[in-house]
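This is what each chain is made of:
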Amino acid sequence: MEYIINLAILFCIYGMLALSLNMVIGMSGLVSLAQAAFYGIGAYATAIGMTSLGMGFFSSILLGILINAIISLVVGKILARFQYDYYAIVSAGLSVIVFSILLNWKDVTNGALGIYGIGKPAIGSYTFYSNATFLGLIFIFTVAVYLLYMWIDRSSFGRVLKGLREDEKLTQSMGYKTKHYKSIIFVLSATLSGVAGSFFASYIAFIDPSTFQLKEGIFLFTIIIVGGLSSALGSVVGALVLISLPEVLRFIGLPYETAAQLQQIIYGAMLVLMMVFKPQGLFGKYRM
Amino acid sequence: MKIDKIVKNFKSIQKGELKPIKPLSVYGLDIIACKNLNKQFMGIKAIDNLTINIPQAQTTGLIGPNGSGKTTLMNILTGMLKPDSGEIRVRDKIRKRIKSHELRKYRIARTFQDGRLIEQLSVEDNLLLPVADNTIFGGLKEVKQDDYKARMEQVLEITSLTEHRHKKAEELSYGLRKLLEIGRLLMQDAEINFFDEPFTGLFPEIVEKVCDIIGGLQKQGKTIVIIEHNMGLIKRLSDHIIVLDHGTLLAEGRPDFVLKNKAVREAYLGV
Ligand SMILES: Nc1ncnc2c1ncn2[C@@H]1O[C@H](COP(=O)(O)OP(=O)(O)OP(=O)(O)O)[C@@H](O)[C@H]1O
Ligand SMILES: [Mg+2]
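If you read the protein sequences in the order shown, they are chains A and B. Each residue of the first sequence is one higher than the one before, counting from 0 in numbering that gives the first Met the number 0. Each residue of the second sequence is one higher than the one before, counting from 0 in numbering that gives the first Met the number 0.
Because the hints were derived from the structure by calculation, they are not lab data. Idealized CB from N, CA, C, for every residue including glycine. Hints are not guaranteed to be accurate.
As the list claims (entries may be wrong) - Far from chain B, some chain A residues (derived; all Cβ distances over 10 Å):
#: 1; residue: Ile3
#: 2; residue: Leu65
#: 3; residue: Tyr85
#: 4; residue: Ser99
#: 5; residue: Leu102
#: 6; residue: Asn103
#: 7; residue: Thr132
#: 8; residue: Ile151
#: 9; residue: Met173
#: 10; residue: His179
#: 11; residue: Ile264
#: 12; residue: Tyr266
#: 13; residue: Leu270
To be verified - Take a look, some chain A residues computed to stay more than 12 Å from chain B by CB distance:
#: 14; residue: Glu1
#: 15; residue: Leu9
#: 16; residue: Leu72
#: 17; residue: Tyr175
Unchecked claim - Beta-carbon label-pair distances, calculated as ranges:
#: 18; chain 1: B; residue 1: Gly137; chain 2: A; residue 2: Gly267; range: 41 to 47 Å
#: 19; chain 1: B; residue 1: Gly66; chain 2: A; residue 2: His179; range: 52 to 58 Å
#: 20; chain 1: A; residue 1: Lys105; chain 2: B; residue 2: Lys92; range: 55 to 61 Å
#: 21; chain 1: B; residue 1: Gly231; chain 2: A; residue 2: His179; range: 43 to 49 Å
#: 22; chain 1: A; residue 1: Ser51; chain 2: B; residue 2: Gly137; range: 39 to 45 Å
#: 23; chain 1: A; residue 1: Met287; chain 2: B; residue 2: Ala149; range: 32 to 38 Å
Sequences and hints are given; from them, build the entire structure.
Set out below in structure tokens:
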């Protein structure tokens, strides 16, 4: 049972990450590989907030949102100068920069040693100690992010994003200041990824920079490519498939080393096969 | 001046009750104009020191040989291109250039020669895109667009796209794509409507449909600019003709007058 709950929590974390990334890549056509950076910033805000600053979990989430909003606003403005592959490359570069800062700004982040003893969420005197209650809490947040995605998807705001991902100039000519739309969705996506990071930090209780590398951003990219671009359902199905894969490999009894290698190969193969045969992903509504 | 007054004026001029003084004052006010406009592409002058005025509430045929700068002019007037120099005036606003996001404010809409749709969105979404609330929070609140839905139904009907409403734009045939672009223009209910070769490649019955649509806009007193190579259609639809050649103004005026002009026939019709 604990095993299932653990998987479900991971699934919620990656579900939130995939939903928020799909707002940017799928809905708006901004191929960002920087998402792991915002995920990391959220995680570190909670880690530092709860251990050094004596904050509660929820106020640490707010701290993460605030920091991510400021950073993503600036990063979004920088990225707005680029398009397509350049956007992806520059965003990957930014992800590497944030990773280096987490690794080297030792006074604040404790560098490669990471941060221990991150607490659990609490409301009043009630603390979400058990994994089951933690799951309940994160599940509510995940559903909220899902509903938010659906809301934007159906709104006129979302339609403008889907317009600009194909033809920004044309969309502009219909009376929309597209750069504001891009900024807003980028910041929203970054802060939501940060919230996922906060949950991750509290759940694992120990974080170090290695989790938040560029390869995590590429992993998230794979999730939404497999599940489906520009689709809320696709985001969570993609998360489910890719989170379950290592468990399946373990289940069929492969030795740990082999399973880990094979897993990377399968991830890569999935990405390639999807791009070739079903570029919009399983449930996707958009192909790049 | 009231639109119907202009139309009345114009009608009486056509009937010969009023004498035109200068070519432009014939039509009352102009609504959009450019002065000493220039645009080069890699040394080629696509628009060469061009000064023209588009009369309000009239249909202007914009003609000229291939590569004479018609589309380039339309692109500049609709904010899709930035001119190298010159002035543009929309109503009483004088600008160095038009910014594309201001088109809605100026009440300008257009179609494109090469067809420009949001390919991976449905017909409905393509129609709704230009009319939604363009404030950020308004756009977020606006999950249902009841106000626009009624107009969309009308436009779907007029463009015979009703049965294709849920298809993606990329799944439509060439003719339906052209109709969708025109439908998108109709949705915008703009005052100034630009058409870049709306008839090219269409079957005769769709040509008639598009003529009817343009006729409907004429009845509403809209300003219309049509680029078209088919002289029959130009003659039939236009009140005023502007002829471009190598980015300069070759001739302008009433259709019968312009199309008889020797220079026009030489440059354009090759006769
Ligand atoms: N984006 C561009 N880059 C380079 N040259 C261009 C560009 N757009 C137009 N031109 C050139 O500018 C000139 C005018 O082109 P334009 O498209 O305005 O002509 P047109 O009158 O619309 O012709 P057509 O009847 O063939 O549509 C041509 O010589 C064309 O090759
Ligand atoms: Mg042209």
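Q.
For a quick check of understanding: which of the numbered hints are violated here, in increasing order?
A. Hint check: 8, 9, 10, 17, 19 fail, others pass.
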